[in-house]
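There are 2 protein chains.
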Amino acid sequence: MGTTEKKKLVIIGGGFGGLNLAKKIDKELWNVVIVDRNNYHSFPPLFYQVASSGLEPASISFPLRREIHSRKYHGAQYHFGRVEKIDVAARCVHTQFETIGYDTLVIAAGTTNNFFGIPDLEKRVYTLKSTTEAIRCRNELLDRLERASVCTNPEVRARMLTFVVVGGGPAGVEIAGALGELKRYILKREYPSINPDEMRVILVEGTDALLRAMGPKSSADALTGLRQLLVDVQLGKIMKSYDNRCLMFADGSKIYTDTVIWTAGITGMPFEIEGSDVAPGPGARWVVDKLNRVKGLDNVYAIGDIALMTDDKYPKGHPQVAQVALQMGANLAANLSRPDKEPRPFEYRDKGSMATIGRDRAVVDIGKVHLKGRLAWFAWLVVHLMTLLGMRNRTVVFINWMWSYFTFSAGLRLLFRPDKYPLRHHWAE
Amino acid sequence: MGTTEKKKLVIIGGGFGGLNLAKKIDKELWNVVIVDRNNYHSFPPLFYQVASSGLEPASISFPLRREIHSRKYHGAQYHFGRVEKIDVAARCVHTQFETIGYDTLVIAAGTTNNFFGIPDLEKRVYTLKSTTEAIRCRNELLDRLERASVCTNPEVRARMLTFVVVGGGPAGVEIAGALGELKRYILKREYPSINPDEMRVILVEGTDALLRAMGPKSSADALTGLRQLLVDVQLGKIMKSYDNRCLMFADGSKIYTDTVIWTAGITGMPFEIEGSDVAPGPGARWVVDKLNRVKGLDNVYAIGDIALMTDDKYPKGHPQVAQVALQMGANLAANLSRPDKEPRPFEYRDKGSMATIGRDRAVVDIGKVHLKGRLAWFAWLVVHLMTLLGMRNRTVVFINWMWSYFTFSAGLRLLFRPDKYPLRHHWAE
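Protein chains in written order, with the working numbering: chain Y, 5 to 433; chain H, 5 to 433.
Hints are computed from structural coordinates only; laboratory data are not their basis. C-beta atoms are modelled at their ideal positions from N, C-alpha and C, and glycine is treated no differently. There could be a bad hint or two in this list.
Said to hold, decoys possible - According to the in silico footprint, chain H covers these stretches of chain Y (three or more CB under 8 Å from chain H): (1) 26 to 34; (2) 82 to 95; (3) 191 to 199; (4) 317 to 331; (5) 396 to 403.
Chain Y with its partners taken away, still in its complex shape (with noise of 0.2 Å):
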């Protein structure tokens, strides 16, 4: 195998398709290339304990390159920086630095938040799609608490003090489930200023139920633990605008809040292309066969959420899950480390999905199984402590979680914004 010219791999993105595409991939056939705009893998279902300071940012995040340039990828590479554009023509991608041709192509690029056209929302808005965005909200969410702490206008410190999440999936249940063990544990002892019935934690969801994705028994208990933690879970609730501190809804009702944590919608990450009219389909998701390859385009294969792959059973495609990225990339590396066989199909085999409430609060469904309770939260902190990259991480979690456990109180609560130079230098530019 080793006299045959090996071809080159470039995959968009470190996350855990990509990651798991390029660990297993034949690097005998392939030179690997991974491109990303962070220097390190992230692991998006643990964003929003970033945000509520129960975990710090490292903890679930681990260095690219200590990763790809390890001996198990055989050389391997990892290139920092943002592809902005694919030439599908001239076969390179380009990113704000250089420009890296390609024999295939791997588009695992994942999705960012969807902001569904409403004006301004971006700007005024706080959301979990990536680790810098759950530092600021955890910075923003400390901010209002302190400020608030020593605010003595009646109106201005109950905005201050009315948190709102939009979106009642995976991601706005753990965090409203967070604020509301903040409110419920933490306000009294550490903030004797502020009443805890001052704070206020609302979910509002546009359709009639919370985890939708899951079955109806974790949608009843999800609606149940948050409400025992104090969060006001409103269902049924459109929202239309947020302007001058002021969410509009369509029913016509409005709350005045300093901070929404928008967890409303996703889209795929977007490319410009060049040499082809193909654009990506619903959701900004890249349309894809069986065999992951996007329809339309040559040596170019999409996987984990940025790809929709439909059938009978997903007609809508597969939810956009750490499971069907990690499947889709072992699936996709297979194939391409056996070019001379009939490639395999991906099929999507289901572990379950699970969410967390609180302390002691999880819902677990597998299959027709549903766990809940304490049973369902052990069974939530293993999987995510086990799909955690790198042993230090998993020890430094598993010892914040037992800290914050048998203390009732996460330790880093910690405000770190930068007093006068931004984080990002003028000579960098």
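Given the structure of chain Y, go ahead and fit chain H onto it with the hints provided.
For chain H alone, kept in the frame of chain Y given last:
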């Protein structure tokens, strides 16, 4: 005691001095308020480890509310805010948010960088005097390596890979050593497109020795240690300016570099004073008597780095280190807790000083005893672990250090920089 009316003690700064004072003062006699611009206690001796990706910022930070609002502080309070003005006539301090009255005031605000009036230096260099400065430094160091790894212009690439540390005190020696380790151990493994010889680490010091506050053996050992780590140490070099990415020296030599880490000067945190003409002394430190009373002001004390107490042994004041602040805080707490007794003048008990150069390389001076090498490094490690606030932090730091020690690699080279929106939100202004 419970029947006498308590007096209000306001402490500016929750560092080593202020926190120790708040902990040890008699809370039956005093209502204690700590005001700090950050909501966490930080650990300046390890800022360089944040900058060099050795430790997470959260590992060397402790939420002030969690400490101060715990039982051992008996009702002491934390207020978020930066003190901008002290009104000694009206006996109050003004933050950007509120006015806080006091009966007795303690200035324990520490120091910040001194740029000696060199034009625009502040905007162009990276510094290590706060947690956020250290985070910024880490991000920029990682940015340079990533950008250099995809840069083909030799001139630009050389400038990106030239790292200059200005100042040969402990902070300068420690960060230069960490950069030397990066060059020597990490680059080859994780940045295959950079030849380690391309990376230059230069430490410039204006006087003729490193670590001048320590003994001559420590100075010499630090020099040897840094050179073993491939650091180019240049002594007797006075920096003049830094313009257009060119560092100019008094001897006419120059270095082209994108990255200058400035550790060459500190100065007391500035305040506006109303109601008195008393101003700080040399180094912007408040001149105090042996009881830490600020000369010329009533009911105002200063402790720690920002206090200037001179005597025969310390004609220019005490060294600006944690031990002095801790001991001044404890002594002032004892004096203020026994108002009926003769106050005890402050006497500094020098427990020794230490600096680390790298793995298994450190220098320690305790009285006339000098240690170096692995033993000194181990002593340094134990002392710093014990001084950290919080068992969680100690545990996590210990794990990180052991991990790095055995893998020859810090696991935290993570470039967390906002994509689009700044970490400070527009509505938070």
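Hint by hint, here is what the structure shows:
no.	hint	in the structure
1	26 to 34	violated (count 0)
2	82 to 95	holds (count 3)
3	191 to 199	holds (count 5)
4	317 to 331	violated (count 0)
5	396 to 403	holds (count 5)
In this structure, the hints that do not hold are numbers 1, 4, in rising order.
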